[in-house]
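K.L.:
Protein chains in written order, with this note's numbering: chain Y, 1332 to 1564; chain L, 3 to 192.
Do not rely on the hints blindly, as some may be mistaken.
As the list claims (entries may be wrong) - Beyond 12 Å from chain L on every Cβ pair, some chain Y residues (computed):
(1) Gly1345
(2) Thr1404
(3) Lys1410
(4) Asp1416
(5) Gly1474
(6) Tyr1498
(7) Asn1499
(8) Asn1501
(9) Glu1502
(10) Val1543
Said to hold, decoys possible - Think about it this way: if two alpha-carbon atoms lie no more than 30 Å apart in a straight line, the pair counts; the simulated DSS-like pairs of lysine-lysine are:
(11) L:Lys55 to L:Lys25
(12) L:Lys100 to Y:Lys1400
(13) Y:Lys1338 to L:Lys55
(14) Y:Lys1410 to Y:Lys1482
(15) Y:Lys1410 to Y:Lys1516
(16) L:Lys55 to L:Lys23
(17) L:Lys100 to Y:Lys1480
(18) L:Lys23 to Y:Lys1400
(19) Y:Lys1480 to Y:Lys1368
(20) L:Lys23 to Y:Lys1516
(21) Y:Lys1400 to Y:Lys1368
(22) Y:Lys1368 to Y:Lys1338
(23) Y:Lys1368 to Y:Lys1358
(24) Y:Lys1381 to Y:Lys1400
(25) Y:Lys1400 to Y:Lys1410
(26) Y:Lys1368 to Y:Lys1516
(27) L:Lys25 to L:Lys87
(28) Y:Lys1516 to Y:Lys1482
(29) L:Lys100 to Y:Lys1482
(30) Y:Lys1400 to L:Lys87
(31) L:Lys25 to Y:Lys1338
(32) Y:Lys1338 to L:Lys100
(33) Y:Lys1358 to Y:Lys1381
(34) Y:Lys1338 to Y:Lys1400
(35) L:Lys23 to L:Lys87
(36) Y:Lys1381 to Y:Lys1368
(37) Y:Lys1516 to L:Lys87
(38) Y:Lys1338 to Y:Lys1381
Hint data in this document are derived by calculation from the structure and do not stem from the laboratory.
C-beta: ideal position from N, C-alpha, C; glycine also.
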Amino acid sequence: MLIYLVKVISAATGAGIYNCAFLSIDKTNWGAASGGKMVDLVAAAWSLGKIYAEGSFATGTDSKPYRCKVPHTATNYNKPITGADCLSLWELADSIEVLNLFENFTTASPQSALAADDRMEIWQMTDDGGSPVVRWVGVPLEGTVRRAKVKANAGSDQFVTCNLLGYNGNEITSGLGSGITVNFKANKEGTPTSWQLNQTVPRIAADDIISVENHSGKWWLINNLGKSEDKPL
Amino acid sequence: MIEIYEVREAAASVGFYNCYKLKLVAANWAASSGDKFAYADAEPAFVSVMHVKEYGQSASAARALAVGDRMMVWDYSDCGGPARKIGTALTPEARMVKTTEGVLSAEDNFIRCDIVANDGSTAITSGLGHSIEVECTVSMNTFQADISDGKPKLETISTGGDYIFASWVAGVWGCVTLFGPGKECTPAEE
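Bound conformation, chain L alone (with noise of 0.2 Å):
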């Protein structure tokens, strides 16, 4: 059987959350708008789901999933121990995040964001999800580049509050889209 979890917090083992289990709502079935979901109990409780697509990752990488994010589980058995819940989420492969930070350090290749959550609107400001690091590959262009130190620098793409798009992979998030350096930085202009 298929159940729908909503993440709470990360556990501490790589790749676990602390869910909560929903109940599909019967009276928001036909409803134009807002959440098909629910908490399934009056007091929900803990339950450790891994999210399978974090497997191999060190303790170092990043967390794929944002408090809020729905998650497909399923129990897998262990090998002769109970089974277990492992899931998939129900997040879009690029999400929208918003910039925390605004012109970025010279030495920075990453963003500081807060993940809009499963709501469409909301920016996480606290817990799972908040101030992640968005890694942002510099075009190497040695027309537009400095890299004096053999390192593009990340120079003025973005301002505090604005929105970007970034996907998670392997630990790390990643801007979707490739930036040029900052216009201050042609060597044209020095």
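So here's chain Y without its partners, still in its complex pose (with noise of 0.2 Å):
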């Protein structure tokens, strides 16, 4: 069984698929002392008469990227995407679905786990179905613990609005992974026995960086609050 490595490139139809792209190593920064990305999307070149492993990449006449299904020689005839016999050799490797398995049971309208360009190791599983299909699933080379940024002041409900940072740590500012809620579960200590964000000691405000995590499909704040005796904000 291979394991894959690729990255998220947004959310699909159903709650923890996402639409990914292989990665490949990229030899040129293999070893780099630093910064270097060595996996990257794919970008080698097909070649004619080279010997291609299942799982290897090669970028099709379309100029996008491809994996090879099954072990062959390459000719003309099985060329991405112009050889008459190329479809049963190769699949397209930008475009893919994948089950983040820690997403594998979600709430009523959950949110994203993941984010963009977040990296995965992923492998093949066969489904129940009366046709089964092979899908892909795996698991973020992420923690399930993130940092998350604070987009305002809290305010007095039980959540806040915030943008997670991404894998090089990065504000994520638009798309999958930005605007997420994070929820906080308030302590019962204390009159009245429900109490808000901006009753907290700390009090989170804007552009603070906090530690989250999503339970289910919901981000919470993984810190304990203590109720504050000022007034709120």
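From these two lone chains plus the hints, build me the complex, please.
P.N.:
Below you can see the structure in the form of structure tokens.
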């Protein structure tokens, strides 16, 4: 069984399902002292006569990346994507659907646990359909505890809006991973028995970096906050 | 091949769990919520799986998993013997837990909790994951802490029914938040 690396492009239809692109090892950056992307998007030219193993990659005549599904020797008959037999040997590598196994069970109206450009390790699993389909499933390389940047001072709610920090530490300001709703479970101590984020100490404010985690489709602040005796902001 | 299993109960050996095998449900692939998996067999049978993260733990160590947790499982060759099933958990690093008791005893540095299950909402009220001890680290700040016997006391951090976050590390569940002692025990007020 081969295990591949992919990066997340966008959310797909279905909770925990993502459109992903395969990554291949970038030999020019292998062993780089710092900053090198040792894995990157596929950019290897197809080569006549080359022996392609399952899991190898090549760029098609449409300039898109393809993954070899069946070992073969390259001929013009199986050249991606002009060869008549190419689709039995190659599949498009920049748009596959992958289930994040950490989102194996999600609540109603779930929020995605992954962000654009997150990396995953994936493999194939056959589903239980009448005509079984081989699906891609996997787990993210990112930890489940993420850092996020708060977008506005905490208000009289039990949630705050944040942008996740991506795999490179940069704030994700648009698309998947931006504008997430981070929830907060109120401590029942004191009166009233349920209180809001603008009544806590420490008080969460815009541009704070907080630790968050996605549980079954909901983002949570993982710190326990105490109740402030100050008036709400 | 990597398969998905669901934890049902602790097995007798440390780090081992009795699990049911799951199947990927085609009809749920594109569903907007719910479970992507179901039991693979109509009458599921226990399969013993070792959770590799719990290697080397003593018999008194806390269990890391709860009923309903899912694991990625594969066969790993025994030395000359049959292949064994080992796996890693598909659980968040910081687990949401629900406190089951209120103000702590002055002698305790832990609070008893139920782990919130894999469905994200149900606190486990029996079996594996029920009534775990979550160790709470108390700040040694001498202005606030009552450390008259050399040990800080944990007071009024929580009432029963609160949700806090805990992580399992080396056989111990610990709260991810550092606590101060309750205001009730500041020296200035005693």
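K.L.:
Take a quick look at whether Y:Lys1381 and Y:Lys1368 sit within 30 Å of each other, Cα to Cα.
P.N.:
Between Y:Lys1381 and Y:Lys1368 the Cα gap is close to 26 Å, so the pair holds against 30 Å.
K.L.:
Hey, Y:Lys1368 versus Y:Lys1358, does the alpha-carbon distance stay inside 30 Å?
P.N.:
Judged against 30 Å, a Cα distance of about 10 Å means the pair holds.
K.L.:
Decide if the proposed pair is consistent with the structure: Y:Lys1480 and Y:Lys1368, CA atoms, cutoff 30 Å inclusive.
P.N.:
At roughly 25 Å apart (the allowed maximum being 30 Å), Y:Lys1368 and Y:Lys1480 satisfy the hint.
K.L.:
For a C-alpha distance cap of 30 Å, please report whether Y:Lys1368 and Y:Lys1516 respect it.
P.N.:
Answer violated: Y:Lys1368 to Y:Lys1516 is near 39 Å, above 30 Å.
K.L.:
Starting from L:Lys25, check that the Cα of L:Lys87 is at most 30 Å away, please.
P.N.:
holds (17 Å)
K.L.:
Given the hinted pair L:Lys55 and L:Lys25, is their Cα-Cα distance within 30 Å?
P.N.:
Satisfied, since the Cα-Cα distance of roughly 24 Å is no more than 30 Å.
K.L.:
Y:Asn1499: least C-beta distance to chain L exceeds 12 Å?
P.N.:
holds (20 Å)
K.L.:
Hinted pair, alpha-carbon criterion (30 Å max): Y:Lys1516, L:Lys87. Please report holds or violated.
P.N.:
violated (37 Å)
K.L.:
Please check whether the beta-carbon of Y:Val1543 is more than 12 Å away from every beta-carbon in chain L.
P.N.:
violated (10 Å)
K.L.:
Has the given pair, Y:Lys1400 with L:Lys87, been kept, meaning a C-alpha gap of at most 30 Å?
P.N.:
holds (28 Å)
K.L.:
Does L:Lys23 sit within 30 Å of L:Lys55, going by the straight-line distance between their CA atoms?
P.N.:
Holds, at about 20 Å.
K.L.:
Does L:Lys100 pair with Y:Lys1482 here, judged by a C-alpha cut-off of 30 Å?
P.N.:
Holds, at about 28 Å.
Checked against the numbered hints given earlier, the structure breaks hints 1, 5, 10, 12, 14, 15, 20, 26, 32 and 37 and satisfies all the rest.
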